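Going line by line, the protein sequences match chains A and B. Numbered as in our numbering, the first sequence ends at 154 without a single skipped number. Numbered as in our numbering, the second sequence ends at 501 without a single skipped number.
Hints in this document: simulated from the structure, not taken from any laboratory. Computed from a prediction, not measured in an experiment: that's the story for all the values here. Hints may contain errors.
[Stated by the list, open to error] Beta-carbon label-pair distances, calculated as ranges:
hint : chain 1 : residue 1 : chain 2 : residue 2 : range
1    : B       : 253       : A       : 29        : 55 to 61 Å
2    : A       : 60        : B       : 244       : 17 to 23 Å
3    : B       : 289       : A       : 134       : 52 to 58 Å
4    : A       : 76        : B       : 290       : 30 to 36 Å
5    : B       : 186       : A       : 20        : 42 to 48 Å
6    : A       : 76        : B       : 377       : 47 to 53 Å
7    : B       : 192       : A       : 77        : 35 to 41 Å
8    : A       : 127       : B       : 132       : 51 to 57 Å
9    : B       : 406       : A       : 27        : 35 to 41 Å
Backbone N, C-alpha and C define an ideal beta-carbon position, used for all residues, glycine too.
Listed below, chain by chain, are the residues.
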Amino acid sequence: MPKGGQGRADLIYGLVAAVAASAMFAHTFSARYSNEFLFGDVSTVFFPRLLLGTIALLSLGLAFKGLRSTSTGGLPKIHFRRFALTFGATLVGIVLVWYLGYLIGMPVGVFLVGLALGYPRKLILAATSVAAPLIVWLVLAKFAQVSFPTGTLF
Amino acid sequence: MIEFVPQAFAVAFSFEVLIALAVGTFCGIIIGALPGLGTVLGLVMALPFTYVLDPATAVALLLAVYVSSIYGGSISAILINVPGTPQSAASVFDGYPMAQRGDGALALGYATIASFVGGIFSLMVLVMIAPQLAKFALRFGPIETFALIVFALTTIAWVSSGEMLKGLLSATIGLFLALVGPDAMTGQIRFHFDNLFLSAGLTVIPLLIGFFAVSEVLFQSATLKDAELPAVRSGGFKIPPWSEWKKRIVTLLRSCGIGSFIGVLPGTGATAAVFVAYADAKRRAPNPEDFGDGEPSGLIASESSNNAVSGGAMVPMMALGIPGDGGTVVLMGALTIHNVIPGVRLFSQQPDLVTQIFVLLFFANILMLVIGGFGANLFSRMLKIPTTLLMPLVFMMSVVGAYAIRSNPVDIVVIAVFGLIGFLLRLNRFPPAPIIIGFVLGSPLEVSLRQGLILTDMNFLAFFASPIALILFGITGLILLNLFGAGRLVGRVFGRSEPEA
């Protein structure tokens, strides 16, 4: 078992991809596709099975490579807290846009993402969060008639 | 096609197209110059603006962003020692030392003119090769098409990543994602798991935005070193004297040739081209020891070759419908939105539009030279905008771009999901481009394989009866042999020692 770094990551990624591909491969034998008669041997699941088999093989190859690796480095150092905050902020932004629409949700989303990334000047960030979505909305929605999320609550 | 040239010039001189070219060039240079953004992200952010434009104006905007963002990367490479795009990585070697000794304006002059020459050179290559290639490809049946796509995907996976296994895995995953939804031949819905959204299939734009833009925001959040503002060297623009160019004209032209040739090969891209051109220029120079200390020839080689890739990379995209890198995938996706389908039949069915693309590319390069020269001071000031302020805006444009394409809020969720997947893959050095290229080529690959097998009564060996397919399969086989370490095996059999890592 590799101690960490690239080797362990390859092992985990390889195993996850192999399991997912195998599950999908098994899915192609479900009753859903049993009524498939068009084109005989080259049916609708013919190519997916080929691909899923290839993915499973390549993934196992990656896992094996990871297992044999003795390297403990190779991966970029990540700032987990900042990543988690940023991902959370993007999700909050998306939820707000979904429910409240672009004009209310996006400024909050932009502000939260900037905050999570660590931009230090709050006032500039707040002004940008309001101004940028508004300008984009004016240019695209008002002048170019591009559709924007209006929010499911309204 | 020559008969369409006057009409194409008339389109290029129309008010909307000129504005689109100018805005695209201006924004493209800024996007290229700001580290962390880059060509693909620039094109993705420009996409929503093209939805409502007519095809010519939309193509003008995207081509301008494509061409100028490659050049823009040199500004930050020269002035802050950080390449704005991976394509400008070699420009820091000589560009920054020039800026350090007070020749920043001269370095920008070299970079701008070399980029322009590279762009025009590659345009000539595109004009000469693409129509001939498309004409030749008209002979392709399903078997040849299958062989070509397999070859292209293998090459892309081989070159775009340091690790071929991951590149191949990425491409295969991309191919599989394209199969979600209705089967192109029977219409049966696959892999939808009773989900209404999945039953319609995934579309390329939200996938692109997720993999390239949202994953970039997440990747920056995880790996950003600090929020300090970069120290920017003085910018400006100074045209280098002709006597200096005269000494380096061979380097310039040879680098243009290298860039264009590498650009034509699927998947190789500008990053590979610049290092090949730089190494070649250094090897042939009378003063190789000056490379890395501010020798203009190094900067010329890097900047002319990366822009020379732009036209070259469009050859397989336009003539065969095979995008060679992330930038051409977005271009192809945008063209498809406007019912312009790149590929073999584009040249025979829409020669007027093809001519327009050539002419627009010409104007995009001219505007890059003009705006790059006059705006050098402004662009150097923009380098002070920190990444932590730019990334929220990338997030904003991602949401706008994903939603606007078909007004479906689920697409916003799709970009978040694929953003996270893209981030996890990038973390373990999986290249994102093969996934998207695989996704684009998934459906044609499946259809060509199944049609080929039906035509040959399920005899796959008959695929090798076609000389074109045989050659393509042969090259693909050689690449795959390399993957499984056959080179080392041959070395051992013949008693050659392996090179040390």
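Hint by hint, here is what the structure shows:
1. The supplied range of 55 to 61 Å is met by residue 253(B) and residue 29(A), whose beta-carbon atoms lie about 59 Å from each other.
2. The hint said 17 to 23 Å for the Cβ distance between residue 60(A) and residue 244(B), and at roughly 57 Å that hint is violated.
3. The hinted range of 52 to 58 Å is satisfied by residue 289(B) and residue 134(A), whose Cβ atoms lie roughly 55 Å apart.
4. For the hinted restraint 30 to 36 Å between residue 76(A) and residue 290(B), the CB-CB distance of approximately 33 Å keeps it satisfied.
5. The hinted window of 42 to 48 Å between residue 186(B) and residue 20(A) is violated, with their beta carbons roughly 25 Å apart.
6. Roughly 34 Å separates the CB atoms of residue 76(A) and residue 377(B), a value that falls outside the hinted 47 to 53 Å.
7. Taking 35 to 41 Å as the suggested C-beta distance range, the pair residue 192(B) and residue 77(A) conforms, at roughly 39 Å.
8. The beta-carbon spacing between residue 127(A) and residue 132(B), approximately 54 Å, falls within the hinted interval of 51 to 57 Å.
9. Against the hinted window of 35 to 41 Å, the Cβ-Cβ separation of residue 406(B) and residue 27(A) comes to about 27 Å, which falls outside the hint.
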